[in-house]
Amino acid sequence: VVGGSGAVNGGYFCRALPTDIDRWGLDGWAWDDVLPHFRAIENDLDFDGPLHGSDGPIRVRRVAEFDGCTAAFVDSAREAGFGWIDDLNGAAPERPLPPGVGAVPLNIDGGTRVGPGGAFLEPALERANLELLTDTRAVRLRFTGGRVTGVDVLGPDGAATLTADRVVLCAGAIASAQLLMCSGIGPQQVLRDAGVATTVDLPVGVDTVDHPEWVLPVSWPPTHDVPPLEAVLITSDGLEIRPYTAGFGAMMTGRRDDPADQPHLGVTLVRPTARGRVAIASADPGVAPVIEYRYDSAPADVELLRSGTQLARELAGATVQSEASWSTSQHLCGTARMGVVTDTRCRVQGVQNLWVVDGSILPEIPSRGPHATIVMAAHRAAEFIS
1 VVGGSGAVNG
11 GYFCRALPTD
21 IDRWGLDGWA
31 WDDVLPHFRA
41 IENDLDFDGP
51 LHGSDGPIRV
61 RRVAEFDGCT
71 AAFVDSAREA
81 GFGWIDDLNG
91 AAPERPLPPG
101 VGAVPLNIDG
111 GTRVGPGGAF
121 LEPALERANL
131 ELLTDTRAVR
141 LRFTGGRVTG
151 VDVLGPDGAA
161 TLTADRVVLC
171 AGAIASAQLL
181 MCSGIGPQQV
191 LRDAGVATTV
201 DLPVGVDTVD
211 HPEWVLPVSW
221 PPTHDVPPLE
231 AVLITSDGLE
241 IRPYTAGFGA
251 MMTGRRDDPA
261 DQPHLGVTLV
271 RPTARGRVAI
281 ASADPGVAPV
291 IEYRYDSAPA
301 DVELLRSGTQ
311 LARELAGATV
321 QSEASWSTSQ
331 HLCGTARMGV
341 VTDTRCRVQG
351 VQNLWVVDGS
361 ILPEIPSRGP
371 HATIVMAAHR
381 AAEFIS
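Quick note: the sequence shown, position 306, residue 306 per our numbering, numbers continuous.
The set of hints was computed from the structure by calculation and includes no laboratory data. Backbone N, C-alpha and C define an ideal beta-carbon position, used for all residues, glycine too. Any given hint could turn out to be false.
Now the in silico label distances, taken between C-beta atoms and shown as ranges [to be verified]:
| hint | residue 1 | residue 2 | range |
| --- | --- | --- | --- |
| 1 | D67 | A92 | 26 to 36 Å |
| 2 | R345 | G83 | 38 to 48 Å |
| 3 | G339 | D157 | 12 to 22 Å |
| 4 | G83 | G158 | 53 to 63 Å |
Given only the sequences and the hints, what does the whole structure look like? Please build it.
Laid out in structure tokens, this is it:
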């Protein structure tokens with residue numbers, strides 16, 4: 001599959017809020033700087049005006065009419081006093097979103113997902129200066145002095161070295177961090193323990209952040225041929241309650257034999273304080289890195305998840321089948337944060353000719369799923385790198 005996690009996620013395309021961007025506190029990344037890029041990447045088929053784009057390559061659509069478990073959840077939230085939010089991507093600095101329930105902006109239209117791979121890469125494949133190598137993994141960076149000159153890769157034909165005057169890592173928050181550390185860019189002690197010589201001592205993989213999620217199984221009947229998440233409830237204390245029609249595996253395969261692919265409620269903490277880490281365990285890039293989420297290291301986070309789960313139980317009523325269990329939204333961010341590991345132009349500090357452009361660079365996790373924000377950041381970074 002080409003296109004990264006944007007090719008296999010739930011199609012949720014909510015933007016970071018203006019307050020999220022403000023927390024970054026980075027020159028060149030204020031709301032007025034990023035809004036043009038949010039607009040440029042999208043063609044919002046439901047809303048127009050100064051907040052939305054109409055000619056970008058990613059079509060954004062919301063479900064107009066709910067049925068089944070989504071309809072039941074939305075009705076229950078409205079009866080509990082939560083208002084309806086017309087546009088979850090409609091926040092502005094002067095007009096923050098209130099708590100409430102609303103339809104999820106989806107990069108799915110007519111049953112077809114349009115992710116970054118299809119929107120940006122596929123149309124460019126005929127360019128003479130572009131070659132796409134599939135089934136090929138970058139395993140180590142090549143240096144000449146303090147300059148990155150290429151990458152070692154493993155592909156169908158074995159090992160090879162690719163040279164370039166600019167190297168941009170877009171392997172995701174875990175794999176980009178692993179590639180940096182296996183190449184000698186990372187925390188000195190972590191590298192020493194793994195048997196890697198330090199080229200640049202930087203806090204790669206330090207203070208990572210993710211959206212912890214508690215899952216409640218429910219007895220809702222499956223709703224077929226719909227996105228796995230059509231609406232969400234947002235609360236004033238930083239929770240997002242998600243009535244999943246199915247798991248993401250069912251979205252990809254259509255199968256429902258895994259319990260994780262049945263309808264369930266997710267209670268997600270979107271502004272967590274807990275921080276984790278990603279660290280290499282070996283100099284061998286074939287050895288998986290250590291990932292420590294540490295979700296339960298912040299008691300206040302756990303208490304918020306507990307209170308959100310109680311609210312979810314009240315909304316779902318007798319359909320809840322068992323106690324909540326720990327899970328993840330799979331939104332890990334911040335392994336190569338801008339302002340710390342990378343500068344505000346996404347360049348890795350301490351070396352030349354090396355950029356990171358993926359979820360690794362987000363200084364703080366958005367209080368929404370990060371996909372749309374990562375695509376925005378990539379669109380902005382293209383200005384710096386070209």
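Task: C-beta pair D67, A92: status relative to the range 26 to 36 Å that was hinted - done: At roughly 32 Å between Cβ atoms, A92 and D67 fall inside 26 to 36 Å, so the hint holds.
Task: R345 paired with G83, Cβ distance criterion 38 to 48 Å - done: Since R345 and G83 have Cβ atoms about 40 Å apart, the given range 38 to 48 Å holds.
Open item on the list: Against the range 53 to 63 Å, how does the distance between the Cβ atoms of G83 and G158 compare: consistent or not?
Closed with: holds, 59 Å
Task: Distance restraint evaluation - G339, D157, Cβ atoms, bounds 12 to 22 Å - done: violated, 40 Å
When the structure is compared with the earlier hints, a violation turns up for hint 3 alone.
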